[in-house]
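K.L.:
Here's the letter readout for the chains.
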Amino acid sequence: MQINTSASQNTPTIKHQINDVKKPAPQSQAALRIESEKPPSQTRPQRFDIEALSQISQESQIAEIGLSTSKQSSDNYSGNGTAKNRYDQPSQQNKSAVAAYQSVGNQSKKEGIQQVFGVDLFA
Amino acid sequence: MPELQIKPDRSFRQKYQFWFYLIAAFLILQLPIISVPFKWLESYFHEISHGLSALVTGGSIVQIQLFPNGSGLCTTRGGLNFLISFMGYAGAIFWGALIYSIASVHQRIAKIFSGLVICLFIVSLLFWIRDILSFVIVTILLSIFIAQFKLPKSHYLQVALKLTGILVLVNSLYSPWYLIDGRSLGDGAALAQLTMIPEFIWVFIWSIIGISSLVLLAKKSSFAIK
Numbered sequence: 041m042q043i044n045t046s047a048s049q050n051t052p053t054i055k056h057q058i059n060d061v062k063k064p065a066p067q068s069q070a071a072l073r074i075e076s077e078k079p080p081s082q083t084r085p086q087r088f089d090i091e092a093l094s095q096i097s098q099e100s101q102i103a104e105i106g107l108s109t110s111k112q113s114s115d116n117y118s119g120n121g122t123a124k125n126r127y128d129q130p131s132q133q134n135k136s137a138v139a140a141y142q143s144v145g146n147q148s149k150k151e152g153i154q155q156v157f158g159v160d161l162f163a
Numbered sequence: 099m100p101e102l103q104i105k106p107d108r109s110f111r112q113k114y115q116f117w118f119y120l121i122a123a124f125l126i127l128q129l130p131i132i133s134v135p136f137k138w139l140e141s142y143f144h145e146i147s148h149g150l151s152a153l154v155t156g157g158s159i160v161q162i163q164l165f166p167n168g169s170g171l172c173t174t175r176g177g178l179n180f181l182i183s184f185m186g187y188a189g190a191i192f193w194g195a196l197i198y199s200i201a202s203v204h205q206r207i208a209k210i211f212s213g214l215v216i217c218l219f220i221v222s223l224l225f226w227i228r229d230i231l232s233f234v235i236v237t238i239l240l241s242i243f244i245a246q247f248k249l250p251k252s253h254y255l256q257v258a259l260k261l262t263g264i265l266v267l268v269n270s271l272y273s274p275w276y277l278i279d280g281r282s283l284g285d286g287a288a289l290a291q292l293t294m295i296p297e298f299i300w301v302f303i304w305s306i307i308g309i310s311s312l313v314l315l316a317k318k319s320s321f322a323i324k
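Chains as they are written, first to last, in the working numbering: chain A, 41 to 163; chain B, 99 to 324.
These are calculated hints, taken from the structure and not from any lab test.
Since this is a predicted model, take the numbers as computed values, not measurements.
Hints should not be assumed to be uniformly reliable.
To be verified - Pairwise CB distance ranges, derived in the manner of DEER restraints:
{"hint": "1", "chain 1": "B", "residue 1": "Met294", "chain 2": "A", "residue 2": "Lys135", "range": "45 to 55 angstroms"}
{"hint": "2", "chain 1": "A", "residue 1": "Val144", "chain 2": "B", "residue 2": "Ile295", "range": "53 to 63 angstroms"}
{"hint": "3", "chain 1": "B", "residue 1": "Ser310", "chain 2": "A", "residue 2": "Leu161", "range": "27 to 37 angstroms"}
{"hint": "4", "chain 1": "A", "residue 1": "Leu161", "chain 2": "B", "residue 2": "Phe118", "range": "30 to 40 angstroms"}
Unchecked claim - Not everything, but these chain B residues come out facing chain A in the computed CB check (under 8 angstroms):
{"hint": "5", "residue": "Thr173"}
{"hint": "6", "residue": "Arg175"}
{"hint": "7", "residue": "Asp285"}
Each residue gets a CB set at the ideal place from its N, CA and C atoms; glycine is no exception.
Put together the whole structure using the sequences plus the hints.
P.N.:
Structure, rendered in structure tokens:
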């Protein structure tokens, strides 16, 4: 999942990583196709390449964050399921719901700690 | 003739018995070693008043500590802070007056009340005393009350309880004045923080309550004769 955003990167690698991460947008896919037809030595940094790469890097960053949070659940699936994991990843709404649920649990823990130490002394 | 001589003498003793107890209490408190357990007793009633106030206002008692110098510490959780802070000194005054009043009512009632106080000591030892020093102090206080309870005649128990009550009350009159030390520590400082009313005002209020209780008991004992 390491994606280098520099323009001098070999295009086949990029394409492979695109497949791993997510189906790119039609515009960026086309741009990459053009890029891949050329030999690596003739690769020139062009505007659409840069756009595509930046988009890929953005997408890969999102995918990395998603994978780090859903790593546990992804272990249950077999295969080279990076993309699969991406699909299994809970939505932002679900994530916030889980976070809210966990915060309730943490709140009770906090209260427990406060109860242990939150005492008043009267002399 | 002999009957006529006895009657006024007995009446005089009854009429001024409160003042006898008061003088006896002041004298006992001047004695170096004998006065110590009574200081502990006042301290115990002070701390248990904090604790009971916490229980009444929905809190709980974590620990009660008593120290040999007559000071104490009550650790509570929850409850109404104002009432808990206020009831330390006021509670000790109340306990002193209550012990004296109940002992004056009837010998049987005095015995029952003494039994209840013994129960309170036992409950304190079981649930709220968590250090050895406090355990020893409360055990000594418990043994004083058990000794009083086991006195051969109920009349002796009454006398002992009355003296104990007055001793607690007189000690409660003294103790708030220890707060005026410029350190802003203790119940007065806590109340000052809660209410913005200066500490010395609270000391003054507790003193007024203590003196009023003494006057009330003095009046009550003289009315009882009539």
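K.L.:
Hint by hint, which ones does the structure fall short of?
P.N.:
Hint check: 2 fails alone, others pass.
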